[in-house]
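Sequences listed follow chains A and B, in order.
Oh and the first sequence: position 102 is 102 in the working numbering, straight run, nothing missing.
Oh and the second sequence: position 172 is 297 in the working numbering, straight run, nothing missing.
These are calculated hints, taken from the structure and not from any lab test.
Possibly wrong hints are sitting among the right ones.
[Said to hold, decoys possible] Which chain B residues face chain A? A few, computed with CB under 7 Å, are given here:
id, residue
1, Arg217
2, Val285
3, Asn288
4, Lys291
5, Gly292
6, Val298
7, Leu299
8, Asp320
9, Phe332
10, Gln337
11, Thr342
12, Pro401
13, Thr403
[As the list claims (entries may be wrong)] Listing some non-contacts, in silico: residues in chain A with all C-beta distances to chain B over 10 Å:
id, residue
14, Pro11
15, Pro49
16, Asn50
17, Gln113
[Unchecked claim] Taking CB as the label site, the calculated pair distances span:
id, chain 1, residue 1, chain 2, residue 2, range
18, A, Glu60, B, Pro284, 31 to 41 Å
19, A, Ala103, B, Pro284, 40 to 50 Å
20, A, Val10, B, Gln370, 36 to 46 Å
21, A, Gly8, B, Asn393, 48 to 58 Å
22, B, Asn186, A, Ser86, 22 to 32 Å
23, A, Leu101, B, Ile399, 18 to 28 Å
24, A, Ser67, B, Arg301, 41 to 51 Å
25, B, Asp205, A, Glu99, 50 to 60 Å
26, A, Gly8, B, Glu180, 40 to 50 Å
Remember, predicted model here, so these are calculated numbers, not experimental data.
Glycine included, each C-beta is placed from N, C-alpha and C at the ideal position.
Residues per chain are reported as follows:
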Amino acid sequence: MFQIDRFGRVPIYEQIIDQTQRLIASGLLKEGDQLPSVRALSQELSVNPNTLQKAYSELERRGICVSAPGNGRFVTGEAARIVGESFLERLSEIQQISEELCAAGVSFERVVQTVKIAYGKESKG
Amino acid sequence: MIKARKLTKRFGDVEALVNLNCNIPQGCIYGMVGANGSGKSTFLRLCNGVYRPDEGNISINGGEVFDNPAVKEHSIFVPDELYFLPQSNLERMALLYESMYPHFSKERFGELCGAFKLDASRQLNTFSKGMRRQAATILALSAMTDYVFFDETFDGLDPVMRNLVKGMLYDDVLERGSTTVITSHSLRELEDTCDQLALLYDGGIVFESDVQNLKTTLFKVQVAFSQEFDRSLFEELDLLAFNKQGSVANLIIRGDSAKSKAIIAGKNPLLLEILPLTLEEVFLYEMEALGYSFEEPTPKGGNPV
């Protein structure tokens, strides 16, 4: 379920956190779903278990999952909300891209239209 | 826990290690990098009691290593130059290791010989270089010790075997809290495998850090402003390097990336982009910041440190 990019610049630890959050945001991981164990993941991805442990600890700290000793780690009921809030930060990316588009002379209407399409409020073409 | 205090080793006039201090906690995979002749192999040999320290000491779980079988039965070393008994095969070497290592696992030995597709009854001197490395790795992993030391062994294994060995090391970390120390020239390799990294330079550890911290506390920022600017604009940030080309500057900053970004954003830049560094870059900048440089004695022009 995780795709690790070994040659990228983003640390593996952050890749795991990001991808878990994306899976939750897209609804593929829901409340009560179990996350793969550190052992299984470290074998599957060939990644140091301590690295995975740290990524999971960070997800726990954020309230996205809880560990039930002996049973594994589960997505919390709050996960979707917490992840949703963290996505608000990404609005700044839209701002940055919009500024670039604006500077490049792309019209305001085209940008708004694209956003509307993404939100399913308008059909393509 | 491996503890080195003021560890010093000389060979004639050459000081291979000088006052080296380090702590390697249990259950970690510790990577060591450094230029040729920086003292990596010397350190590993001291860890395994091959050499006696000239000054200072090195201990594993509180016991001095040199000439101390009680400590050494818990650690195994795969050196860069391998030694096998003359005319022996893997089976015979396994018997030798079994007599020295109380937890030697025949089961794992058999399993590994199968996985590596090595014939344990064939004489080792008929093996190729790579196969001899595999043989030494099999013996080391079968000894089931708490501490395993690899001197550039990983660099000699093909990718499939490397993954197999890594998987086994990860299992040992989880299962028994074993500790592994690896030296390598491949930062890529170490970044995936290790959780702690140390950089050796001129006989001492220049710095050691958690792999996560290394990559998250140092980052590159690309920034441009409508007005002229220079290094002084970023005084409140911990700048490791400042390199301006035309109107765009590249900064290397140490600190919290979100906070630093907010500070720079407050100055109304035209362009602001944060890029994580590769481990290789992290090492180069850290070395430069310390006044060292692999290629040249003085840092590059336009890149004052």
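Hint check:
no.	hint	in the structure
1	Arg217	32 Å, violated
2	Val285	11 Å, violated
3	Asn288	5 Å, holds
4	Lys291	6 Å, holds
5	Gly292	5 Å, holds
6	Val298	6 Å, holds
7	Leu299	5 Å, holds
8	Asp320	4 Å, holds
9	Phe332	17 Å, violated
10	Gln337	5 Å, holds
11	Thr342	11 Å, violated
12	Pro401	4 Å, holds
13	Thr403	6 Å, holds
14	Pro11	4 Å, violated
15	Pro49	5 Å, violated
16	Asn50	4 Å, violated
17	Gln113	26 Å, holds
18	A/Glu60 with B/Pro284: 31 to 41 Å	33 Å, holds
19	A/Ala103 with B/Pro284: 40 to 50 Å	45 Å, holds
20	A/Val10 with B/Gln370: 36 to 46 Å	25 Å, violated
21	A/Gly8 with B/Asn393: 48 to 58 Å	30 Å, violated
22	B/Asn186 with A/Ser86: 22 to 32 Å	42 Å, violated
23	A/Leu101 with B/Ile399: 18 to 28 Å	20 Å, holds
24	A/Ser67 with B/Arg301: 41 to 51 Å	21 Å, violated
25	B/Asp205 with A/Glu99: 50 to 60 Å	54 Å, holds
26	A/Gly8 with B/Glu180: 40 to 50 Å	44 Å, holds
In this structure, the hints that do not hold are numbers 1, 2, 9, 11, 14, 15, 16, 20, 21, 22, 24, in rising order.
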